[in-house]
Amino acid sequence: MGLFGHGHSHGHGHGHGHSAAPTKQPQGDGADGPPHVPLRRLLPLLRPQLGLLIVATLCLLISSLPSIALPTIVGGVLDIARGDPQWEQAFVASGLGEGQDDVQDESDSVGVLLLSLFIPSDYDAVSEAVAADACRDCSLADADVPCGGCTDVQVLRAASAAYGDRFRSDVLPTVLLGVSILLAVGAVAAGVRGYLFGLAAERTGFQVRLALMRSMLYADMAQADETASGDLLSRLSADTASLQQSLSVSVGFAMRFALQILGGSVFLLVLSWRLTLTVLAPVPFLAAGTFAYGRVAQRYLRVLQEALGALLASAEESLSQLRFIRAFGQEHVQLAKFSTLASAVLASGKRVARLLGIYQGSVEFASYMSIVLVTGVGASLLSTGDLSYGVLASFLLYAIFVAHAVGAFANHMGDVLRAIGAAQRIYEVLDRVPVVKSDEGEVLTKFQGKITYDNVSFAYPTRPVPQALDGVSFTVEPGQTVAIVGASGAGKSTLVSLLLRLYEPDAGKIMLDGADIRTLQPRWMRSVIGYVPQEATLLSTSIVENVRFGAPDASQEQVMEALRVAQCLDFINELPDGIETVVGERGARLSQGQRQRVCIARAIVSDSPVLLMDEATSNLDSVSERALQRAMAEVCRQRATLVIAHRLDTVRRAHLILVMRAGRIVERGTHDALLAKGGAYANLVHNQLSRVPVDDDGDAVAQDEAAAAAAATATPTKRTRKGVGAKQARRRDRQVAE
Numbered sequence: 001m002g003l004f005g006h007g008h009s010h011g012h013g014h015g016h017g018h019s020a021a022p023t024k025q026p027q028g029d030g031a032d033g034p035p036h037v038p039l040r041r042l043l044p045l046l047r048p049q050l051g052l053l054i055v056a057t058l059c060l061l062i063s064s065l066p067s068i069a070l071p072t073i074v075g076g077v078l079d080i081a082r083g084d085p086q087w088e089q090a091f092v093a094s095g096l097g098e099g100q101d102d103v104q105d106e107s108d109s110v111g112v113l114l115l116s117l118f119i120p121s122d123y124d125a126v127s128e129a130v131a132a133d134a135c136r137d138c139s140l141a142d143a144d145v146p147c148g149g150c151t152d153v154q155v156l157r158a159a160s161a162a163y164g165d166r167f168r169s170d171v172l173p174t175v176l177l178g179v180s181i182l183l184a185v186g187a188v189a190a191g192v193r194g195y196l197f198g199l200a201a202e203r204t205g206f207q208v209r210l211a212l213m214r215s216m217l218y219a220d221m222a223q224a225d226e227t228a229s230g231d232l233l234s235r236l237s238a239d240t241a242s243l244q245q246s247l248s249v250s251v252g253f254a255m256r257f258a259l260q261i262l263g264g265s266v267f268l269l270v271l272s273w274r275l276t277l278t279v280l281a282p283v284p285f286l287a288a289g290t291f292a293y294g295r296v297a298q299r300y301l302r303v304l305q306e307a308l309g310a311l312l313a314s315a316e317e318s319l320s321q322l323r324f325i326r327a328f329g330q331e332h333v334q335l336a337k338f339s340t341l342a343s344a345v346l347a348s349g350k351r352v353a354r355l356l357g358i359y360q361g362s363v364e365f366a367s368y369m370s371i372v373l374v375t376g377v378g379a380s381l382l383s384t385g386d387l388s389y390g391v392l393a394s395f396l397l398y399a400i401f402v403a404h405a406v407g408a409f410a411n412h413m414g415d416v417l418r419a420i421g422a423a424q425r426i427y428e429v430l431d432r433v434p435v436v437k438s439d440e441g442e443v444l445t446k447f448q449g450k451i452t453y454d455n456v457s458f459a460y461p462t463r464p465v466p467q468a469l470d471g472v473s474f475t476v477e478p479g480q481t482v483a484i485v486g487a488s489g490a491g492k493s494t495l496v497s498l499l500l501r502l503y504e505p506d507a508g509k510i511m512l513d514g515a516d517i518r519t520l521q522p523r524w525m526r527s528v529i530g531y532v533p534q535e536a537t538l539l540s541t542s543i544v545e546n547v548r549f550g551a552p553d554a555s556q557e558q559v560m561e562a563l564r565v566a567q568c569l570d571f572i573n574e575l576p577d578g579i580e581t582v583v584g585e586r587g588a589r590l591s592q593g594q595r596q597r598v599c600i601a602r603a604i605v606s607d608s609p610v611l612l613m614d615e616a617t618s619n620l621d622s623v624s625e626r627a628l629q630r631a632m633a634e635v636c637r638q639r640a641t642l643v644i645a646h647r648l649d650t651v652r653r654a655h656l657i658l659v660m661r662a663g664r665i666v667e668r669g670t671h672d673a674l675l676a677k678g679g680a681y682a683n684l685v686h687n688q689l690s691r692v693p694v695d696d697d698g699d700a701v702a703q704d705e706a707a708a709a710a711a712a713t714a715t716p717t718k719r720t721r722k723g724v725g726a727k728q729a730r731r732r733d734r735q736v737a738e
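Residue numbering for the sequence shown follows UniProt numbering, starting at 1 and increasing by one per position.
Because the hints were derived from the structure by calculation, they are not lab data.
Heads up, none of these hints are tricks.
In silico DSBU-like links for lysine-lysine, alpha-carbon gap of 35 Å or less:
#	residue 1	residue 2
1	677	509
2	446	509
3	509	450
4	437	450
5	509	437
6	450	677
7	350	337
If you anchor each label on the Cβ, the simulated ranges turn out as follows:
#	residue 1	residue 2	range
8	74	213	46 to 56 Å
9	455	578	48 to 58 Å
10	328	258	49 to 59 Å
11	319	668	36 to 46 Å
12	626	561	13 to 23 Å
13	225	448	32 to 42 Å
14	202	454	43 to 53 Å
15	47	575	47 to 57 Å
16	228	580	33 to 43 Å
17	575	455	45 to 55 Å
18	578	627	19 to 29 Å
19	454	47	42 to 52 Å
20	622	228	32 to 42 Å
21	446	319	46 to 56 Å
Just so it is clear, CB atoms sit at the ideal spot from N, CA and C, and this is done for glycine as well.
Take the sequences, apply the hints, and build the full model.
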C-alpha cells in the first residue's frame with residue numbers, strides 16, 4: 001500500500017484491451033463535475049507528518065490560551081484597580097476559605113481563579129490578619145450581637161477595604177508581569193507552531209509532487225492522450241501549491257480561530273449568560289450561510305482551477321511550438337486564444353471573489369452587530385448594578401475577540417475550500433491505476449530477439465473508428481531487417497507503439513521469442529529494445545547524457561562508438577564543448593538532422609537484440625543517409641530490426657518488406673519481388689522516383705483531368721515516363737533495378 005492508498009508499480013495487470021479508461025475532464029460550469037473527494041481522503045496526505053502536526057497542534061493550544069484568558073484578566077485588573085468591592089471581597093474570601101458563595105457570582109470566579117495565580121505567597125497570612133483587624137474594628141462590636149454572629153459579608157467588606165491598597169500596590173505589578181510572561185510564552189509557541197505547520201506543508205508538498213509525477217510517468221498512454229500536458233503541469237504546480245499553502249497557513253489559522261471561538265464563547269457564557277445569548281443569536285444563520293457558501297464555493301473554485309489548467313495548457317503549447325508559430329506568422333492567433341482563456345480565468349475569479357466578498361461581508365456585519373447589541377444590553381445591566389465595569393469590559397473584549405476570530409476563520413476557510421478543490425484535481429491523477437505495471441512480469445534470461453505479430457487488431461481509445469490495425473501478422477527473426485512502408489495513417493507507427501506496450505492490442509497477441517509480451521516485465525522488455533522515434537526527441541541536457549539515456553551504464557568508449565556509427569562526430573567535433581554540449585529544450589540547439597543522428601546513437605548504445613526505427617532518417621540528406629546506412633549495416637546484422645520508412649534507400653536492402661494500407665498488410669516480399677509484382681509497392685517506388693504525389697493506395701494523384709485519365713490506365717513505368725523524357729525514365733528504371 002503506497003502513500004496514497006495505491007501503487008503505480010505493484011500488482012498484476014496483464015490482460016487484453018486498452019489501457020485503463022482515462023479520467024474524464026469536467027466540463028461546463030462545474031455543476032456536473034466529478035464526485036466530491038471526502039475529507040477523509042486527505043488524511044493519507046498528512047499521515048507521514050502526523051508527529052509534526054501533533055506537536056504543532058499542542059503549540060497551537062499553548063499559543064491560544066493566553067489570548068483567550070487575557071480579556072478576563074484585564075477585566076479583573078480594572079475592577080481591582082478601581083476598588084470594586086466584589087473582586088476585593090472575592091480575593092479575601094479565597095484567602096480565608098470562607099464566604100465565597102455570598103460575595104461572588106459565577107461571573108467573578110474565572111477572574112478570581114486567574115488572578116489568584118499571581119497572589120504573593122504570604123497572601124493567606126495577610127488576609128487573616130486583615131480580616132481579624134476588620135472584625136476587631138467592626139461597627140457592630142458595641143451592638144447587642146455576639147462576636148461572630150455578624151454575616152461574613154460585613155467582615156469581608158471591611159477586610160477588603162483594608163486589603164485593597166496592598167493589592168493595588170503589590171499584587172497588580174506582579175499580575176502585569178505574569179500576564180506579560182504568559183503572552184511571551186504564547187508568542188514563542190505561535191512561532192514554533194508556524195514553523196512546524198510550514199515544515200509539514202513543505203514535506204507534504206514534496207510527497208504530493210512526487211506521487212503526481214510518478215502517476216503521470218506511469219500512466220497508460222490512453223490516459224496521457226486525454227489530458228493536456230499544461231493541465232497536468234497546473235495540477236503539479238498550482239494545485240499542489242494551493243494544498244501546501246492551505247496546510248502551512250490556512251489550516252493552522254483556521255484551527256486557531258476555531259479554538260478561539262470555542263474558548264471565547266465559553267468565557268462569554270461564564271461572564272454573563274444573558275449577554276452571551278445576545279452574542280450568539282446570529283450563529284444559526286451564520287452556520288447555515290457557511291454551509292451554503294462551502295457548497296457553492298467548491299464548485300466555483302473547481303471551475304476556476306480548471307480554467308487555469310486550460311490556460312497553462314495553451315501557454316505550454318504555444319511556448320513549446322514557438323518556432324512553428326513564428327514560421328507561420330500566427331503569434332496574434334495564439335495570443336487571441338490565450339486572451340480568451342485568460343478571460344475565462346478572470347470571469348471565474350471574479351465570480352469566486354464576488355461570492356467570497358458577500359460571505360465575508362455578511363459574517364463581519366453579523367459579528368459586529370452582535371457587539372452593538374451587547375453594548376446596549378450591557379449598559380442596561382450596568383445601570384441596574386447587575387454587572388460590574390470589569391465584567392462588562394471583559395465581555396466586550398471577548399465579543400470583539402470572537403467576532404474577529406469568526407471573520408478570520410471565514411477568510412481562511414476560503415483557502416481551505418480552494419485546497420479541497422485542488423485535492424480533487426490531484427486525486428483525479430493519483431487515482432489512475434495503470435493497466436501495464438512496469439516492474440511486473442517475466443524476464444527472459446536467454447532472449448534472442450524474435451518478434452511475432454499474431455493477428456493483431458487495435459483501435460486508439462481516443463479515435464476508435466477506423467481501426468488502426470486489422471488482423472496484422474508477421475515475424476521478424478533475429479538478424480533480419482523487416483521494412484514497413486505505406487501511406488501516412490496506414491498503421492505503421494502503431495505497430496511500434498504496441499511492441500513497446502504503450503497500448504494493449506484489442507485482439508491477437510505480440511510475442512518475443514514466443515512469449516506473449518503481456519506476460520513479460522515491461523521495464524525489462526523496453527531495455528532490450530532500441531528505439532528511434534519518428535520525432536527526434538532529446539532532453540535538455542548534454543549530448544553524452546542523451547545518448548546514455550538508452551543505456552545508463554554505457555562507458556565513454558561505447559558512447560563514442562555509437563556516435564561514430566550514427567555519423568555524429570563530424571558536427572560534435574565542431575561544437576565548443578563537444579559531447580558535453582547542452583542541446584537545449586527538445587534539442588533546439590541542434591538541427592533536425594543532428595538531433596535524429598543523436599537519437600540513432602542512443603538506440604545503438606543500448607546494444608539491444610531488437611531495434612525499432614520509425615522514420616529514423618527522414619531528416620537526413622541522401623548523402624548522410626547512405627553513409628549512415630552503410631555504417632549501420634553491421635549493427636542491424638546482429639539484431640532483429642523493424643524499420644518504418646518512406647525512402648527507397650532505407651527499405652530496399654531489407655530482408656522483408658511489408659506494405660500496409662488502412663491497418664492491413666496488403667503486400668509482403670523483397671524489394672525485387674514486390675517491384676516485379678507491379679502492385680502497391682511498385683506504385684510507391686515509381687511515384688517516389690518521379691516525385692508524384694500519391695494517395696492512400698499508393699497511386700499517383702493526378703494534377704488535372706487529362707493526367708487523371710492517364711494515371712488510371714498507365715502502368716507504373718508508363719506513369720513514370722509521362723511528363724519526363726525517355727532517357728530520364730530509363731535512368732530511373734536502372735535505379736529501381738539496382
